[in-house]
Each structure stands twice: as structure tokens, then as C-alpha cells.
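Participant: The listed protein sequences derive, respectively, from chains A and B.
First residue of the first sequence: 1, per the UniProt record's numbering; consecutive thereafter.
First residue of the second sequence: 1, per the UniProt record's numbering; consecutive thereafter.
Hints are not guaranteed to be accurate.
Copies of the same chain look alike in the list, so a pair counts if it fits in one copy or across any two.
Simulated pairs of lysine to aspartate or glutamate, EDC-like, Cα-Cα distance not exceeding 20 Å [unchecked claim]:
#, residue 1, residue 2
1, Lys-30, Glu-204
2, Lys-7, Glu-157
3, Lys-136, Glu-257
4, Lys-30, Asp-192
5, Lys-7, Asp-250
6, Lys-417, Glu-66
7, Lys-6, Asp-350
8, Lys-160, Asp-192
9, Lys-160, Glu-77
10, Lys-200, Asp-179
11, Lys-6, Glu-220
12, Lys-160, Asp-197
13, Lys-7, Asp-350
14, Lys-6, Glu-217
15, Lys-125, Asp-110
16, Lys-163, Asp-198
17, Lys-163, Asp-192
These are computed hints drawn from the structure, not numbers from a lab.
There are 2 protein chains.
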Amino acid sequence: MPDTKKKMDEEFASLLMNAIQKNDIDAFRKEFLEVHPYDQAKFFVSQEEDIRKQIYTYLSPAEMAELFHNLDSEDQEKILHEMAPSYVAEMLAQMYADDAVDVLNELEKDQVVSYLTIMDDEAAKEIKDLLHYEEKTAGSIMTTEFVAISANKTIREAMKILKSEAPDAETIYYIYVVDDEKRLVGVLSLRDLIIADDNKLVSEVMNDRVVYVSVSEDQENVARMMMDYDFVALPVLDYQRHLLGIITVDDIMDVIEEEASEDYSKLAGVPDGEGNGYSAFSAAKKRLPWLIILLLLGMFTASLIGRFEETLNKVSILAVFIPLIAGMAGNTGTQALAIAVRGIALGESDHNSKVQLLQKEIGTGLIIGFVCGILVMLIVDVWQHNFYLGLLVGTAIFCTLTVSTMTGALIPLVMHKFKIDPAVASGPFITTLNDIISILIYFGLATLLMNYLV
Amino acid sequence: MPDTKKKMDEEFASLLMNAIQKNDIDAFRKEFLEVHPYDQAKFFVSQEEDIRKQIYTYLSPAEMAELFHNLDSEDQEKILHEMAPSYVAEMLAQMYADDAVDVLNELEKDQVVSYLTIMDDEAAKEIKDLLHYEEKTAGSIMTTEFVAISANKTIREAMKILKSEAPDAETIYYIYVVDDEKRLVGVLSLRDLIIADDNKLVSEVMNDRVVYVSVSEDQENVARMMMDYDFVALPVLDYQRHLLGIITVDDIMDVIEEEASEDYSKLAGVPDGEGNGYSAFSAAKKRLPWLIILLLLGMFTASLIGRFEETLNKVSILAVFIPLIAGMAGNTGTQALAIAVRGIALGESDHNSKVQLLQKEIGTGLIIGFVCGILVMLIVDVWQHNFYLGLLVGTAIFCTLTVSTMTGALIPLVMHKFKIDPAVASGPFITTLNDIISILIYFGLATLLMNYLV
Chain A
1 MPDTKKKMDE EFASLLMNAI QKNDIDAFRK EFLEVHPYDQ AKFFVSQEED IRKQIYTYLS
61 PAEMAELFHN LDSEDQEKIL HEMAPSYVAE MLAQMYADDA VDVLNELEKD QVVSYLTIMD
121 DEAAKEIKDL LHYEEKTAGS IMTTEFVAIS ANKTIREAMK ILKSEAPDAE TIYYIYVVDD
181 EKRLVGVLSL RDLIIADDNK LVSEVMNDRV VYVSVSEDQE NVARMMMDYD FVALPVLDYQ
241 RHLLGIITVD DIMDVIEEEA SEDYSKLAGV PDGEGNGYSA FSAAKKRLPW LIILLLLGMF
301 TASLIGRFEE TLNKVSILAV FIPLIAGMAG NTGTQALAIA VRGIALGESD HNSKVQLLQK
361 EIGTGLIIGF VCGILVMLIV DVWQHNFYLG LLVGTAIFCT LTVSTMTGAL IPLVMHKFKI
421 DPAVASGPFI TTLNDIISIL IYFGLATLLM NYLV
Chain B
1 MPDTKKKMDE EFASLLMNAI QKNDIDAFRK EFLEVHPYDQ AKFFVSQEED IRKQIYTYLS
61 PAEMAELFHN LDSEDQEKIL HEMAPSYVAE MLAQMYADDA VDVLNELEKD QVVSYLTIMD
121 DEAAKEIKDL LHYEEKTAGS IMTTEFVAIS ANKTIREAMK ILKSEAPDAE TIYYIYVVDD
181 EKRLVGVLSL RDLIIADDNK LVSEVMNDRV VYVSVSEDQE NVARMMMDYD FVALPVLDYQ
241 RHLLGIITVD DIMDVIEEEA SEDYSKLAGV PDGEGNGYSA FSAAKKRLPW LIILLLLGMF
301 TASLIGRFEE TLNKVSILAV FIPLIAGMAG NTGTQALAIA VRGIALGESD HNSKVQLLQK
361 EIGTGLIIGF VCGILVMLIV DVWQHNFYLG LLVGTAIFCT LTVSTMTGAL IPLVMHKFKI
421 DPAVASGPFI TTLNDIISIL IYFGLATLLM NYLV
């Protein structure tokens, strides 16, 4: 953030604090309402509860709604409890329906019901309609505040309608053209509208090849389409092509970040929804189930090594290279996993691309295995003055790296084939799996070469 | 993608192929130019080279420019080589300057120079100006096609200016208000402009608290601001507050995805810029340097275990638990790493949040270590009928999990303090580091408890 912005923020805060201390509502409102709601929210959330309670009395629910939308969801929940329920209901009614739904989705069911009961009927209905849609679909992120007109209007009339609806619509950059049954027949960008001759008909200027999404479409696909087409809003239709709502680009930016953050956490084996706001205890509770599964897999690996105890007794130096071999298998496996998951996310998921990806990873694994294998063989030979030990460890590295690179790529591809989100295959899981494979290869080879090692 | 869309795409493709076979330029253009450039690009890139060469002759460089912007960078490079240089230069001149710069940034320097030489002077200057800015800064992703007016115009005049500039500007959703020295003094959204009374002055309606970014700002911070403020464009200023350009939301979506994909790859230890289009050989070449560093670290781990060879000789069962302990340390370390990197990315990077995060992770590590330690102790005790061995492995798990969770969180925090991108600390690196720590703890404890183990 530029320093000038920081300075502006500080000046702003001290002016406001001054007004609050003097209880000068006018001075407060004049200053406060002039800045962007995100800056209002930043100031608001940094205050103590008693100051916040004073601020509520200065602002109408509609003004509070704009600020509230800019808080993160943890703060929203905290602050809802400080407000009078009637004030909350009025505020939610004043928010764009999709944003209100985001807030309500984080609450207990009985709380949601109680707010909707005291809300005015029209707003409550809009919100209830949106609450029905399944999470992470187009329906759940769309808003119902859009501008729709019919095709037989003139551009002049369209502009008039737009002027009257602009204050309430979430975006005015596209005007959607619908027939008498509310089916979408075209779209008109505000740019087209401004450039066009006032006397033309909407039907002459509009684009009738509208790019749209279906209401049940996954939000990740919606984001992909928005990025491909560079739109700032996309219409959402049901199966009869009725226009149900629109999805705006600000919500899509949140989706892109949310999905990326989810993939990132999954790769690291961190469970969904562990934010930083949680306590150590709840963090541990979330991570433990997954760790215990990995622990049991690790115990299985241990029992595998246990079967080679005799081999180990004879050549205890073998133990020295276990972490090296298992570790390298984990590293290459995780790399291949990430490449495959990303490839699938970028849409390279048809059969041919998958086969190509797998072939490439096998090739990569062979080259990496060969180079690392030779290197390890030389190092071990020089260090331990034992040619056969070097040969064993080098060969083991060659085999494990090849196999684990292939496994890392194969597992997400197979998961995608069976319609499981490939991002679920985490690094720790692949690593633990490759531990098992590498141990089997290493001790298998060691048992074969036993006569040369002793 | 909805099935209806797929069907539309197929119909579209067959109509076009028909026109191409008959060499019917009018039919082709009528159909082709009606769809979104992204769909044009999809059709275009799926054709053979000879068909593509036929299509060039149907389209003006300006029409080609829109299509070209929608190709991915690998395809862009391939297709540039099929075109006549003069056609390329004209096409680049017709693109938005920031998009042309994106294309040129992927080319060899002498190619760039040759295109710029044959381009018309005005366009070449605009592009050259943008090429100066450092990669991944606001300057490198901004465009210079925006609408700027002066504050003493009326709303009616502003609307007229907008109408005349709308066809060329990249976004018309904000009109920027500048003084005589081109310094930014305010902003007017198109919504404000449409709602406002025609006779008012721009200075009366505009917002003078403009949120802006500095030209040298990192693109990740620009994306963060765009998401915080929900704008569809942000102005870019130099240090004297001169308006240099604007950044539009479509470019920011790409930045969000690019940065997320980079963080994801780094977590998995995959080097920058390894796409799926590369061969196995070049993929191996990119991954090997990093793997060889990890291999040498692994050798160091091996040499550490070598120092405990005597201990291992006496109690060879100890080797059985090496992968379990090292693996669990890697798993918890990676989890803590991901949480810390994400926390920093989400802006929780002031000193207090860092201390809190670290405290939380230490607490989490202690709880996880305790639960897993007890579990392991019981399993080993039952499996091996050896209380002291169970005690040793359990205690080792407790200590390593605590320490490695702390390390996983501490390293990115320290890196961030020293202004190194914390995402550089990859899962494989943390895992290998934690291998070393866990081996030291495990064999250290084993040596202490030796009398009870034999």
C-alpha cells in the first residue's frame, strides 16, 4: 500500500475518533460516508465494542449494509451478535441478495429463520430463493439485482429504464434482454448502449449469442468462463432459458482465490476451513484425523521393514539410506502430483492429454531417476568404499524415482476419471504411499544382492 | 460447459468450415465476427496451418487482434511465425497496449525490435513506454487506453466525450478526472454519470478520494486491493500523482490465478514455468537442480544416521521406525508451512499476528505430538512387546512433531521478515529439513535409552 494511502487512513481515523468523542453525528457521517466501504469496514472493525455500538446509532441499516459486506466472515459473525435483531434484519434486506446469503450461510439455521421472519417480505423471499441453491454452484453465488428490458424498446427508452434502475442494480454494465416469458434473448453492453443511435431498437443493437451459465454449474467452471471471456458479469439461466440472476466479477475473484486456496491447502494435507482465527486446540482437532491415517500407513511401512529385519541385522548400513530413498520418492511424487493436478485444473482433461501427461511424467521419471541414481552410486561408492552398496542404493533410487513420479501423476488422473476432485490427493498422502513403494523396492533389491553386500 | 453451448459451438464450426471450403469470404465473416473472440480463437487454433493461413486473408489485422488476445501464449508464439511481419506489426498496434506488451514479452529481443520498427510510430511509442516497466509490477499490467476528462466540464459534456472515446478505451466504467498537469484529482463511475443531472459539473459529482496504485507496486498487492475494493479498474499513478494508466479486472483475474498457481507449484517444489506443453527432457532439466540439492541434504541425513551405526548394530529394530518418524515430521511440517504461507498471503503479516500464529502452531504441535506419541507408544508396545522401545518411539514422535510443526511455521515467517517470498519454502524442502531434525531426535533419544533397549 502506498505511504500516502496510509497517511490518509490515519488522518481519517483521527478525524472520526474526534467526532465520536464529541458525539458529533454530523461530523462523523460527513467524513465516514465519503470513503469506500472497505475503508469504513477497516476502521470499524479495529474499534472496541463500545465504540462500535456507538457507531451503529450513527448509521442507517442501509449504510451499515455496505460496510458489513466488506468485513471478513469471522468479523461478520462477531458483529452480528452485537446488533439488535431488527437492525440486522433490516441491514440484510438492504444488502445485495447474494451477499446477504453469504452472511446467512455462515449462521445456525434457527438464527437464519429468526432474521428472515422479521425481515420485510420481498427481501426475505429473494433471499430464501437463493438459499435453496446448492453451495458452490452458480445459483449460490448469483444475485437477483440486474437490469432486464424487452427487445422492442428503443435505445432511448432503454437508457431511461437504466437510469431509474441503476441505483439498485449490482451491475449496470450489461443490460439483459428478455422476452415476455422472461427468457433471455440477448445482451447489450453499456458501451453498446452509449455508442448506439438513440432511435434504434434494442433488438437491432443487442448481441443474441449470449454466453451464459446454467444455475447448477459448478462455481469453478463459472470462474473459468468469466476468465476466458473477460466479462464483468454473466447471466444465469435455468433449463428453460429463464433469466434467474447474474454473477458479477467481484464474486468470481473471490471464487478464484477460494478455489486456489483450497487446492493449496489440500496439497499440504491441511483440512478444509482451518483459518488462522482458530485456537491451537481446534486446529489440532482438524489436522489429527488425517495425521492418524498417515500414522497408521507409516506403521504399515514400519512393519514392512520389520519383515526385512534379518537383512538389516546382517547389513545394518542399509538403514542409513532409508530416509534418503523414501524422501526422494516423496519429493518426485509430489512434483508429479502438482503438475498433474494443475494440468487437470487448466482443462487438459480429455483422454489424449491425460495419456500424453502420463507418458511425459514416465519419461521425466526415467531421466530424473537415471541422473540421481548415477550420482548416488558415485557418492556412496566413494564414501563407503563399497561398490555393491553404491550399486544397490543407486539402482534403488533409479527405480523408486521412476515409479514414484509415475504414481504421483497417475493417481490424480485416475481420481479425475472417477469424478473425484484430484486435488484431494495431498502431498503427504502421495509421500506416504511412495514411502511404502520405495521401501519394498530398496529391501527387495537388497535381499537379491545380499551375497555381494555381506 | 452447458451442452447447448457445445451444440452451438459445433454448428458454428461446421458453418465456418463450409464457408472456408467454398472460399466464401462474406459468409465466413458474417458468421465468424458475430461470436465472442474467445470462441473465434478456439475455432481458429483447432485448425490446420493451411486453413489458418486462409483465415488470415479473410480478417483485417484489427479483427485478428481481438482473436489473438484470446489465445494462450504458447499458441500465440506458434501463430506469430505463420504470419507476415507487417501483418503482425499492424495487429499488435491494434491490440490494447498492455495485451501487446504481454505478447512481446514472450519473444526474443531482436524480434520485438523488428516488429516495433515496422509498426506505426504512435502505437510503437505506447508499447515501448510499457515495455520499460519491471515485470509483475502495476506498470507492466496497466493499459494506457482510458477515458480522462477535466473537472470543470459538465456531465453532459463528459457524456459526449465518453461516447466518442468509448470505442477505443479498454474500460468505460470509470472516467478519471485530471487537472491541467494530468494529475489525478477524482473519479466518476459510469453509474454516477448516468444517474447525475446533465447540468451539474464533474467536480460536483466526482469522488475525490480515489483509491489508486503506484506504478511500481507489486501485481499481487494490486490484485489484493482490487479484491478488497471490488473495483473493475484501478488507476495507476507515478510519484507525482500523474495518471499513467489503468489496470482492468480481467488482467487481475489472470494475476490471481497466476500467483495462486505459482504458490501451488512452489509448495510441491516444482520450478517456475513448467507447463504441460514441455517435453519430458525439459521437465527433467527443470526439476533436477532442486532434486539434486534435496539429494545432497538426504545424503547428509544418511551420514547422520551413519554416526549412529553402532547404536543400530546393537538394536537393529530401531531402523524399522525411521520412515515413520521422518515421514510424520514431514507431514506436520508441511501442514504448518501451508497455514503460515496462506496466513501471510491473506495479509496477516504484522508482528502481532506472526507471534500469534507461531504460538498457535507450537500449541498445535504439542497437542498433535502428544496424541500421536501416545498412540504410537501403545501400538509399538503391543506389537513388539517392548515397553522401552514403545516409550522411545512415542517420545521421539512427540518431540519431532512439536519441533517440526514449529519449524514449518517459523521458516516462512522468518523468510517474510527478510523480504523473501515465503512461498519459496517448499514442502519437499521442509520435509527434508524435518528428516534431519527427526533423525537427530530419534537417535539421540535411542542412545540415551540404550541400556534399557538392549
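Participant: With reference to the structure, classify each hint as holding or not holding.
Facilitator: Tested hints:
1. Within a single copy, Lys-30 and Glu-204 get their C-alpha atoms only as close as 45 Å, which misses the 20 Å cut-off; across copies the closest is 15 Å, which meets it.
2. Taking CA atoms no more than 20 Å apart as the test, Lys-7 paired with Glu-157 passes in neither setting, with 46 Å inside one copy and 35 Å between copies.
3. Both within a single protomer and between protomers do Lys-136 and Glu-257 lie at most 20 Å apart by alpha-carbon distance, with minima of 13 Å and 18 Å respectively.
4. Only between protomers do Lys-30 and Asp-192 lie at most 20 Å apart by alpha-carbon distance; the minimum there is 19 Å, versus 37 Å within a single protomer.
5. For the identical chains of this complex, Lys-7 and Asp-250 are neighbours neither inside a copy (27 Å) nor across copies (30 Å), given an alpha-carbon limit of 20 Å.
6. For a Cα distance limit of 20 Å, the shortest separation of Lys-417 from Glu-66 qualifies neither inside one copy, at 43 Å, nor across copies, at 35 Å.
7. Only between protomers do Lys-6 and Asp-350 lie at most 20 Å apart by alpha-carbon distance; the minimum there is 15 Å, versus 49 Å within a single protomer.
8. Taking CA atoms no more than 20 Å apart as the test, Lys-160 paired with Asp-192 passes in both settings, with 15 Å inside one copy and 14 Å between copies.
9. In this assembly of identical chains, the alpha carbons of Lys-160 and Glu-77 never lie at most 20 Å apart, being 40 Å within a copy and 46 Å across copies at closest.
10. Taking the shortest Cα distances, Lys-200 and Asp-179 sit within 20 Å of each other inside one copy (18 Å), while across copies they are farther apart (37 Å).
11. In this assembly of identical chains, the alpha carbons of Lys-6 and Glu-220 lie at most 20 Å apart only when taken from different copies (18 Å versus 35 Å within one copy).
12. Proximity of Lys-160 and Asp-197 under a CA criterion of 20 Å is satisfied in both settings, with 14 Å inside one chain copy and 13 Å between copies.
13. Taking identical chains as interchangeable, the C-alpha atoms of Lys-7 and Asp-350 lie at most 20 Å apart only when they sit on different chains, with a minimum of 17 Å there against 53 Å within one chain.
14. In this assembly of identical chains, Lys-6 and Glu-217 lie within 20 Å of each other by CA distance solely across copies; the values are 14 Å between and 41 Å within a copy.
15. In the homo-oligomer, the alpha carbons of Lys-125 and Asp-110 lie at most 20 Å apart inside one protomer (17 Å), although the nearest pairing across protomers, at 63 Å, exceeds that limit.
16. Taking the shortest Cα distances, Lys-163 and Asp-198 sit within 20 Å of each other both inside one copy (15 Å) and across copies (12 Å).
17. Both within a single protomer and between protomers do Lys-163 and Asp-192 lie at most 20 Å apart by alpha-carbon distance, with minima of 16 Å and 10 Å respectively.
Checked against the numbered hints listed earlier, the structure breaks hints 2, 5, 6, 9; every other hint is satisfied.
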